[in-house]
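Add chain B to chain A, keeping to what the hints say.
Chain order of the listed sequences is A and B. Going left to right, the first sequence walks through residues 18 to 412 as our numbering numbers them. Going left to right, the second sequence walks through residues 309 to 478 as our numbering numbers them.
These aren't lab readings, by the way, just hints derived from the structure by calculation. Careful: at least some of the hints might be erroneous.
Heads up, simulated DSBU-like pairs for lysine-lysine below, C-alpha to C-alpha not over 30 angstroms straight-line [stated by the list, open to error]: (1) 466/B <-> 137/A; (2) 160/A <-> 137/A; (3) 160/A <-> 123/A; (4) 38/A <-> 150/A; (5) 229/A <-> 35/A; (6) 383/A <-> 366/A; (7) 123/A <-> 38/A; (8) 326/B <-> 142/A; (9) 326/B <-> 123/A; (10) 318/B <-> 137/A; (11) 229/A <-> 43/A; (12) 235/A <-> 35/A; (13) 43/A <-> 241/A; (14) 38/A <-> 160/A; (15) 281/A <-> 366/A; (16) 451/B <-> 137/A; (17) 366/A <-> 232/A; (18) 142/A <-> 451/B; (19) 137/A <-> 327/B; (20) 281/A <-> 383/B; (21) 229/A <-> 142/A; (22) 142/A <-> 327/B; (23) 241/A <-> 300/A; (24) 137/A <-> 150/A; (25) 318/B <-> 382/B; (26) 466/B <-> 456/B; (27) 35/A <-> 123/A; (28) 327/B <-> 123/A; (29) 327/B <-> 150/A; (30) 318/B <-> 383/A; (31) 326/B <-> 137/A; (32) 150/A <-> 229/A; (33) 451/B <-> 281/A; (34) 382/B <-> 137/A; (35) 383/B <-> 456/B; (36) 466/B <-> 451/B; (37) 160/A <-> 150/A.
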Amino acid sequence: MSKSNKNLIVFSEIDIEKALKNALQKSRPDIINEVRDSGLKGRGGAGFPTGIKWNLAASAQGDCKFVICNADEGEPGTFKDRVLLTDYAQQLAAGMVLAGYAIGAKEGIIYLRAEYTYLKADLEKTLEDLRAKNILGENICGKQGFNFDIHIHMGSGAYICGEETALIESLEGQRGEPRNRPPFPVTVGYLGCPTSVNNVETFITALHIVEKGAKWFKTHGTEKSTGTKLFSVSGDCENPGVYEFPMGITIEELLNQVGGQDAKAVQVGGASGNCIPRHQFSKTIAYEDVATGGSIIVFGPHRDMLQVAINFMEFFCDESCGQCTPCRIGTETILEGLDMIEDGCCSVKYLRELVSLGETMQLSSKCGLGQSAPNAFLSIVEHFKSELFDDSFRR
Amino acid sequence: MLASEREQLKSEINEMAKKFNHHRSGLIPVLQHVQNVSRHISPEAMQDIALAFDIHPVEVQGVVSFYSFLSTEKKGKFIIRLCRTITCDMAGKDAVARQLENELDIEFGETTEDGMFTLEFTNCLGMCDQGPAMLVNDDIHTKVTPDKVVDIIESYRKRFGANVIQGEHA
Numbered sequence: 018m019s020k021s022n023k024n025l026i027v028f029s030e031i032d033i034e035k036a037l038k039n040a041l042q043k044s045r046p047d048i049i050n051e052v053r054d055s056g057l058k059g060r061g062g063a064g065f066p067t068g069i070k071w072n073l074a075a076s077a078q079g080d081c082k083f084v085i086c087n088a089d090e091g092e093p094g095t096f097k098d099r100v101l102l103t104d105y106a107q108q109l110a111a112g113m114v115l116a117g118y119a120i121g122a123k124e125g126i127i128y129l130r131a132e133y134t135y136l137k138a139d140l141e142k143t144l145e146d147l148r149a150k151n152i153l154g155e156n157i158c159g160k161q162g163f164n165f166d167i168h169i170h171m172g173s174g175a176y177i178c179g180e181e182t183a184l185i186e187s188l189e190g191q192r193g194e195p196r197n198r199p200p201f202p203v204t205v206g207y208l209g210c211p212t213s214v215n216n217v218e219t220f221i222t223a224l225h226i227v228e229k230g231a232k233w234f235k236t237h238g239t240e241k242s243t244g245t246k247l248f249s250v251s252g253d254c255e256n257p258g259v260y261e262f263p264m265g266i267t268i269e270e271l272l273n274q275v276g277g278q279d280a281k282a283v284q285v286g287g288a289s290g291n292c293i294p295r296h297q298f299s300k301t302i303a304y305e306d307v308a309t310g311g312s313i314i315v316f317g318p319h320r321d322m323l324q325v326a327i328n329f330m331e332f333f334c335d336e337s338c339g340q341c342t343p344c345r346i347g348t349e350t351i352l353e354g355l356d357m358i359e360d361g362c363c364s365v366k367y368l369r370e371l372v373s374l375g376e377t378m379q380l381s382s383k384c385g386l387g388q389s390a391p392n393a394f395l396s397i398v399e400h401f402k403s404e405l406f407d408d409s410f411r412r
Numbered sequence: 309m310l311a312s313e314r315e316q317l318k319s320e321i322n323e324m325a326k327k328f329n330h331h332r333s334g335l336i337p338v339l340q341h342v343q344n345v346s347r348h349i350s351p352e353a354m355q356d357i358a359l360a361f362d363i364h365p366v367e368v369q370g371v372v373s374f375y376s377f378l379s380t381e382k383k384g385k386f387i388i389r390l391c392r393t394i395t396c397d398m399a400g401k402d403a404v405a406r407q408l409e410n411e412l413d414i415e416f417g418e419t420t421e422d423g424m425f426t427l428e429f430t431n432c433l434g435m436c437d438q439g440p441a442m443l444v445n446d447d448i449h450t451k452v453t454p455d456k457v458v459d460i461i462e463s464y465r466k467r468f469g470a471n472v473i474q475g476e477h478a
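Bound conformation, chain A alone:
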């Protein structure tokens, strides 16, 4: 993906100074309404409507408010934010300024994952350039009384900090353990202040929506999943990379575009997503069908799905914060079971118990990590059960 590509819809060139000047002439409610009318949903994966989040943060009472960019992209198979942070940093900053104006915040923080430390120097330089252009700082773009600046906070290597309340805990110098919700960060967030936490892609998309209008955005996608979205495509396909597709694209169409026609399964949504087998490739990628933060991992015909399930479960054992029992013990127990299958000593009866355990985790875990940790395991068992017990697939 590159900005000069003419086929890009949202992620095209934009004069950020002009876009911000136009936006700052509008009233705050007008901006929030435009974003809400567009139907934009959080692009990090959870899919919460951005306009509603901004509206809640805007209407919350507080002396100071914060805009936080969640750049803790850690979902296996996701790398679109890395590309955006590299090539679209100015647009990201402008999107954060816009959010700051909309909710009444003066301060923005980019929470950048430790694994992306090599991006930090360039990001700092971008922010410095924008200060020189008065796109950050005081009386931004000539708007009297509107001050906003952004600083970068480095993560320290924890997948769970992509969960917004864990991210805030981490910013406050704590272990990245998710908080109970409510209260939600829009009312009680960073340092107890109303805070809007949005994904990198969400800020950039919102900037384009406010400039080009909700109507334009809604001409793409489906009724419930408007607009286009970035997809990080990897695995067994000819052309892995970042793609922009309209929401509602079928998995089959997507595979045709990336050269993954012979896939036997596709993992949509990363380790916490679902494994979709070939006979369901007519499903669409949308919030109402197969939802995703954009991770698409293609599995070719020869892949051993047991190894895939083991890899994902090892990931969750490692990244579970350990705070709640269903997730901490559940992930370990399922991994043990998968190892037993590999060793040929797991009974089908025990596998059924593990499936039931997975369903319990989905219901009883405290945060999104534990609730989605068994997804990949459950969908692989559902669609590839015979293969799990078939030794001829073992590598």
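Same frame as chain A, but now just chain B:
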């Protein structure tokens, strides 16, 4: 750690903590600094940090143990983190891992005797379209082949000695 080193680190800790008005939101930046400078966070450093933020040392230890980029054990000058997540796994990370072990004569989780290299697995590095990927300190290496491993390691060995400035993320 020499007493003078500890004093030096302590004054850096206090200086940084002051910048954050001794507010806890400065804790992780301070820990990251200590990790970079002394390649681990020693019990003494944790004590000094706890004092600077007026919290119990156990609070500090709790944070250190939570994050994979902070450690109580001393790491090598160069930490090699090989991505073990699915796409890098499918792209051949096992073969790369074997060559890393052969080349450094250590296993994953260990540090070479000369304190130069630590070998670790890490979760998704966000380079799934260019796997296998690995980080060496803050540098990213993509499409690593078993063949390239030796050259990558050599390029870091050459930075050893007088060429490496302390705190240069080394």
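Hints and how they fare:
1. 466/B <-> 137/A: holds (25 angstroms)
2. 160/A <-> 137/A: Roughly 29 angstroms separates the two Cα atoms, so the pair holds.
3. 160/A <-> 123/A: holds (13 angstroms)
4. 38/A <-> 150/A: holds (12 angstroms)
5. 229/A <-> 35/A: It holds: about 12 angstroms lies between the C-alpha atoms, which stays within 30 angstroms.
6. 383/A <-> 366/A: It holds: about 28 angstroms lies between the C-alpha atoms, which stays within 30 angstroms.
7. 123/A <-> 38/A: holds (17 angstroms)
8. 326/B <-> 142/A: holds (25 angstroms)
9. 326/B <-> 123/A: holds (23 angstroms)
10. 318/B <-> 137/A: holds (26 angstroms)
11. 229/A <-> 43/A: Holds - the C-alpha atoms of residue 43/A and residue 229/A are around 13 angstroms apart, at most 30 angstroms.
12. 235/A <-> 35/A: holds (23 angstroms)
13. 43/A <-> 241/A: Holds, at roughly 27 angstroms.
14. 38/A <-> 160/A: Judged against 30 angstroms, a Cα distance of about 8 angstroms means the pair holds.
15. 281/A <-> 366/A: Given pair residue 281/A, residue 366/A holds - Cα atoms ~27 angstroms apart, limit 30 angstroms.
16. 451/B <-> 137/A: holds (22 angstroms)
17. 366/A <-> 232/A: violated (53 angstroms)
18. 142/A <-> 451/B: holds (28 angstroms)
19. 137/A <-> 327/B: holds (20 angstroms)
20. 281/A <-> 383/B: violated (42 angstroms)
21. 229/A <-> 142/A: The given pair, whose Cα atoms are some 28 angstroms apart, holds under the 30 angstroms limit.
22. 142/A <-> 327/B: The hint holds at about 22 angstroms.
23. 241/A <-> 300/A: holds (15 angstroms)
24. 137/A <-> 150/A: holds (20 angstroms)
25. 318/B <-> 382/B: Holds. Residue 318/B to residue 382/B sits at ~18 angstroms (cutoff 30 angstroms).
26. 466/B <-> 456/B: Satisfied, since the Cα-Cα distance of roughly 16 angstroms is no more than 30 angstroms.
27. 35/A <-> 123/A: holds (21 angstroms)
28. 327/B <-> 123/A: Measuring from Cα to Cα gives roughly 20 angstroms; hence the hint holds.
29. 327/B <-> 150/A: With Cα atoms ~27 angstroms apart, residue 327/B and residue 150/A stay inside 30 angstroms; holds.
30. 318/B <-> 383/A: Not OK: residue 318/B and residue 383/A at ~38 angstroms, beyond 30 angstroms, violated.
31. 326/B <-> 137/A: holds (23 angstroms)
32. 150/A <-> 229/A: Satisfied, since the Cα-Cα distance of roughly 23 angstroms is no more than 30 angstroms.
33. 451/B <-> 281/A: With a Cα-Cα distance of about 24 angstroms, the restraint between residue 451/B and residue 281/A holds, given a limit of 30 angstroms.
34. 382/B <-> 137/A: Roughly 25 angstroms separates the two Cα atoms, so the pair holds.
35. 383/B <-> 456/B: holds (23 angstroms)
36. 466/B <-> 451/B: Holds. Residue 466/B to residue 451/B sits at ~22 angstroms (cutoff 30 angstroms).
37. 160/A <-> 150/A: Measuring from Cα to Cα gives roughly 13 angstroms; hence the hint holds.
Going through the hint list in order, the structure does not satisfy hints 17, 20, 30.
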